[in-house]
Structure formats: C-alpha cells, structure tokens
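Q: Residues per chain are reported as follows:
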Amino acid sequence: MRSSLFPFLLLSLTSACNLARTSLFFKEPELVIQSEKLETFGQSLQLGDRSYVESAMKDVFEVTPEIPEAKQLEDLIYNDGTFGGGCDLYGVSEVVVGTTAQAEFKRAFCGVGLTENQSVRSSAQRMAQTVKACDALIYGANTFPRVMAKIIPGWTPGMTANRPTSERLRVAYALFDRTGSLPDPVIEKLMDLSNSVSDADEAWRWVLKAYCESPEFLQAW
Amino acid sequence: MDRRKFLKNTIGGIGGSILASSLIDFYLLNVYRGMIHRAFGLPQGGEAEKKFLNVAVYGGMPGWMWNIPLRPNGDSDAFSYGYQTNDPSKSMLWTKFVSDSAAPGGFSGRYEHTRVGDWHLPYLWSGLIARPDGQTEQMSKLAANMLAMRGIRFQFDDHEGNRYRNVRPEKGMSIGGLVADRATTPLPAIAFDAGVNYFKSAKGISQLELTKDQAFASAFSSFQGAGERINGNATLQNKLDGVLDLMRANSALKNSSLPTTYSDRVAARRLMTKDLVALEAQFNAMKSKYLDLVTRAISDSALRLEGLDNVAMPGQASKNFRISTTSDGSKQGIYYGGDDIRNLAANASIPWLAEQFAISELMLTGGSIGSAFSSSINIVAFGGFYANADKVYIGEGSTTPVLNRQYYFPVDSHYVGSHAHLILHSKYARALSSCLYELITRLKGVSSGNGSLFDSTLIAVTTEFNRTNDQLQVGTGHGYTGSAYTLFSGSIPETTVVGNIKTDVAVENFGGTWGDAAPMEGAVSNGNYLTLGNAVSTACQILGVPSPTPLYPALATRNPVTGKVFVPQIWSKPENIS
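From first to last, the protein sequence lines are chains A and B.
This note's numbering puts the first sequence at residues 1379 to 1599.
This note's numbering puts the second sequence at residues 171 to 748.
Just chain A, with the same shape it has in the complex (with noise of 0.2 Å):
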C-alpha cells in the first residue's frame, strides 16, 4: 500500500511545482458541487401544500363541512405547519375562554410557525400526520361509506359480494392518482392484500390505505 502511493505522490509533487496553490486546492471541489447539484439531487416533486393536500382528501373522501372528519382533517393537515402553505389570515378567528380573547386555531396564526414553513418538503412528519388522516377517513363513520359508494355503485356494507377485484381496484385507484394507473405486480399484491382479510369492508379500508398513504396523489402539479 505504501508502495502503491509513490507514484501518486511523484505526480502530486510534480503538479504541485506547476500550478498556483490555489487551483491546486480548489478545482475538484467545485466540480463536485455542481455534479451534486445538477445530476445526484434533483428537486422535480413538488409535493402539495396543506391546502391541496386537505382539498385532494376532501375530494376522494366526500368531506363536507358537516361530518367530524372534516375537524380531524383540518386538525391533522391544514393546522400542521410541516405540510407548508401560505399564511391563511381567515384561518384566525378568536373565541373566548374565560375573560381572555384566544385564537382558535393557534397554528393557523400568521407569523407563528406557518409562515416559516412555506416551503413544502418531504417528511416523515408529513407522512405520519398523512397516514393519521387517512386512518380518519377510512374508518370514518361517513367518509367510508361515500368513498366506498365511489367504487361500487350502489353499495352497501358488509356484502361478501363488494370484495376487491381487479377491476374494482383499478377504480378506486384512479380516485386517488387521476392521471395514474398501477401495473399488474401491484394489482396481484393488492388482491393478496385484501384476500387476507375475511371481512369485505375491512378488505377495502386496507386497500384504501395503500393508496391513501402512497405519495403520488398529493404531489402538486
């Protein structure tokens, strides 16, 4: 090893002798910067901010303003300061507890966590806060039954008869990723999925869960 490192070391000496210090130090770093910016990290997903992400929710769920689903939503997406967005000044509102004047959503307050916060990025709080919404939705007492209505016109809970199928999948996919499709591998996975629970409903909410916690459907375009 000692020996292999001579040759080099003759090389360097001789560059050393030819170049100021400077380039001699510096070329090779500002290569590598450029190479990481430009090819290893590039920064195409945009993910959605906590308005498009509680709207796509809101949009395959059937959330209306009416249902507590659509609390836990705002709770859990609109009101997190990790899913980015701008500030919201009618997200202020003040209520009053005693003699004191407080905010309702404190988190909605401009100029307190959000507004540092606007750039939206990849998180495994984002994903947590996600998977807690989508658990919300899915078993919600209203939001089930409306997204399930989506897929299986007519439908009804408990029919052995509403389990998943290909096709039936494939629906309730496109609810999520509009200009998406999944490729038979995942279908299979899904079906395995789903056929190893007894109970149809329960069958669909774990469907409803892959999709709900994959990412594609919450990036912004």
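There may be inaccurate statements among the hints.
Claimed, not checked - Which stretches of chain B does chain A cover? Using the computed rule of at least three CB atoms under 8 Å from a CB of chain A, they are: (1) 372-385; (2) 421-431; (3) 434-448.
Bear in mind the hints are in silico, worked out from the structure with no lab data behind them.
Every residue gets a Cβ at the ideal spot worked out from N, C-alpha and C, and that includes glycine.
Please arrange chain B on chain A, whose structure you already have, making use of the hints.
A: Chain B in isolation, oriented as in the chain A frame:
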C-alpha cells in the same frame, strides 16, 4: 507508523525534512481530499454516517476566556502592551483576578493561561467541570478532541447574519443540509430556536423546527396517538408494506424523487411503533441531568477556581462592577454592591440550554432505542443567563442599595464591567463546557462503525463574533475581525489550535490583543486572512462533505485510512504577529 509519518520520514531521508513535510502535506491535502470528495462524502469502508451539531451561542461571546487562546504557544513575548495591564479601566482581557489593594474591590486582573497538551489555553481550562454522578472532572479533558480556530476575519459585523453564516456561509447549501442529504435517520435535520436561514439541503430536506418549551413533543407528536390501527395486525401491515414497496419501485419511473417520499412513510411508521412514552421519560431525565450540570457550573463551590471565584470580592457602584443595563428603556447600569461577587450568580439559569443539550443527546444517540433520530442539529444557546444578585445599585455612584434584584447578564457584553465580566462569563463558559463534556461522554459510549459515535460526530461551537477591547472603561465591542470557530470530534485526535492573530491592535489606551486576525499563509482570501469560508471548509472536510465555500481551503484534513484529522504543517503553528 501511520501513512503520513511514513511518507514524511521517507522523503525526509531524501531531502530536507522541512521541505518534505510541507510537500507531503500538500500531497495528502489534495489526494486524500480528492478521494473523499469523489466518494461524495459517503461513508468509507467501516465508516459510520456523519452527524453534525451546531451549538450557536447567541450574542457574540468573548473568546479570550474560553475558545480563543491568546498565547497558544506560551511565548512570553507574544503580546505587547495592554494584555495584562493592571489598570482596570483600560482592559477587559482578563482570565484571572489578582490581588491589588489599589484596584476597585481589592482586585485587578490579568491574562493567564494553562497548559493543555502542547498548547496554552485560557486559564479557565485549568479548572473543574461537573459530572452527572455528582463528581467533578478536569475541564481540560474537554479539549482533548478540540480544534480551536482563531483569528478568523468575518466579513460582516452582524449578529443575525453571522449566526446563520457560520453554518451557511453563502446562499447555497448549509453544512447541516449537506449532512442531512446523506442521512438515513428518520428526522434528518432538526433545529431548536434556529431559523430557516440556518439550513439548506440540496435534496430539499426540511429542517424540523422544535418548540422551545415543548422540545420532545414538537419532535415526536406527529408519531404519537396513532392508536392500534397503526400498530395492529402485523401480518397485514407487512403485506401493506409489501404493496407500498412495489408501488415505490414503480414510482421512480414517474418521478425520481418520489421514492424518497415513500421512504419518509417507512420512517414515519417506524417511529409510530416505538415506545415514545418511554422515550419521553428518557428525555426528561436527560433534561434534568443537564439542568443540574448548568446549575452546578454556576454555583457549586466544589468547582470554584483559584483566582477566579474562590475569593469573596466586595462590589461597588463603579464601572468595573457593572453587570447589565436596566430594561426600562433608560439603560441605567446595574452594579453589583454586595459583599461577595460570587453571590452575583445566585439561582442563575441559562434558559433552554438543558433542553437543547437533552434533545441533542436524544437525537444523536437514540436513547434506549439506540439508533440516531437525526443527523443534523442546530441549537441556539441562550447567550447569557438570568440571575438573582443579593445587592445591587442602580446607576453609577448610587448609594441606595436594591436587594435581591433579578438581572440578565448577556455574553453580548457591551455594558458589562471588567470584574463582573470575568466572573460571569467564566461561569457561563463553564456551564457550556459541562454540557459539552457530558454530551461527548455519552457519544463516546455508543458504538458507530469502527469507532464511537463521537468519532463520526462533529460539534461546532460558534458565535457571531469575538469581542474587542476598545470600549471606554467598560464593556466590549463586536470583534468580527478576529472571530473563532471551535470544533469537537472524536476524529480530532488531540488538542489543536490554528490561526494567527495580531499582538497589538494599536488602539490608543486599549492596546494588546483580543484576537484580531493576522495574515496567514495559504488562507487565499483578502490579504491572506482566514475567513469564515476556511472554517466552514474545515468542518466540511472533517464531515466528508463538499464545502459550500470551496474557494477557501480547509485548515485541517482527514486521513481516509485512519479517519483522523490533522492540520497540514503550513498551518500547524499559530502565531501572534506584530
């Protein structure tokens, strides 16, 4: 014999050893660095993933008491007039009190140092720091893996800007961002009281901002409360994960960044299955531990250092005992007036420091889970402390005492007198040192790659600037032309000091040196002064990531075989230059 010594010795046998050493350093600096950079900072064989912690001390603290050795070589001729004048109206550059019956309170001061390894560090390093087991430890042990860079000429006189620039010197990537980009930890980057300007990642990773008073909750609340649906049927969860793994592979065809988002889901689910209640209990225990260390650093009599805080010194309403300004807008001075200056720091606390070190320890070590949660951490240490003085005077020359007055002592010490400055800042630096030493001890106890977690972690203690000695009789100014940048890592094998300073700033009545930068061969910036770019490049070199300031050479490099850091010979002897 390591490779560096072998090569040096070989060439030394052929030609002059001094020339050979310099050339070998050039060779190692370039070829080794090239190898590291070509590898894009990815861990070498057996090398662990890198971690970066920035402890940003708010306010711009004076370095000559702690991290800027003014006479590192111990040379008695390294200074000219001023550094140890006994005239307390003219100098703040003290590290130790000396009896002086003619001086206010019966004490004056001087710059004293202590030998640590091959170097002479400020006097405080001869003292003790607290350990969590109730015992004490020599503070010099903290310096065992320290690279102290001094004499750095920052371009700007700017509190906020310099705090950011220390880790993100230019518009591009931050040091933490570069580390986070390579991280496999579930929360790649976190910050505690930092701002968005501290952090920029090429991958677009965001830095999670923790809330001061809810450090643990703000980091982990997203993963709590998911209920049995998340942690329920393991067989079905595994099948679900299998489906999503396949979807993830498919997603790469749509967008090359989508798989990263799938990975974030995996990280989220991993954290959701942890016992976060138990983890929070560990965090609370860590917080208590650091809180105790801070308290003892300030007030434990067992830690008192001879010539610093082992004697009772009476105060008076004169400039030297000024401890702060009033906060009522009048900015009147508050002067210590009790019988024992040590009572100045009674019940003192440094807000959030314990929480910040606790969350750093938890994130880096993983607590009982045993794997790191985060790879890049920015904390902003409160620059100063709140304390309760037994007796003060409001206004210079006042004869009306105010008892039990709470006050704020800032390291941003524009208005602090020499005596109060020395004792209060020493206590602050001791508290900071105690926390650093404990964190490092914990990191040393965790295996990582071929070594310990401390070997793969770099802690950078930064502040906005050093402080000058050019204020009229009381207080210090912004010493941005002679700043410091202090690194701790197990990969730094010994105490090391780098950087040249001037022996005399030649300011009338305030001569001597506070650490103002002097030119240094090879610094390649503005008249060969070291700049922040050199310091940042050094940190990046140790971390194995490309520097965001590649035009400025690193002052140290890393042997890729041993993983250890060394300073090339051209920079290995810091000088004080007239």
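Q: Are there at least three residues in the segment 372-385 of chain B whose beta carbon sits under 8 Å from a beta carbon of chain A?
A: holds (count 7)
Q: Do three or more residues of the segment 421-431 of chain B come closer than 8 Å to chain A, measuring C-beta to C-beta?
A: With 8 residues in contact (Cβ-Cβ under 8 Å with chain A), the coverage given for the segment 421-431 of chain B holds.
Q: The segment 434-448 of chain B covered by chain A? Criterion: 3 or more residues, Cβ-Cβ distance below 8 Å.
A: Per the Cβ count (7), the hint holds.
Consistency note: the structure conflicts with none of the earlier hints.
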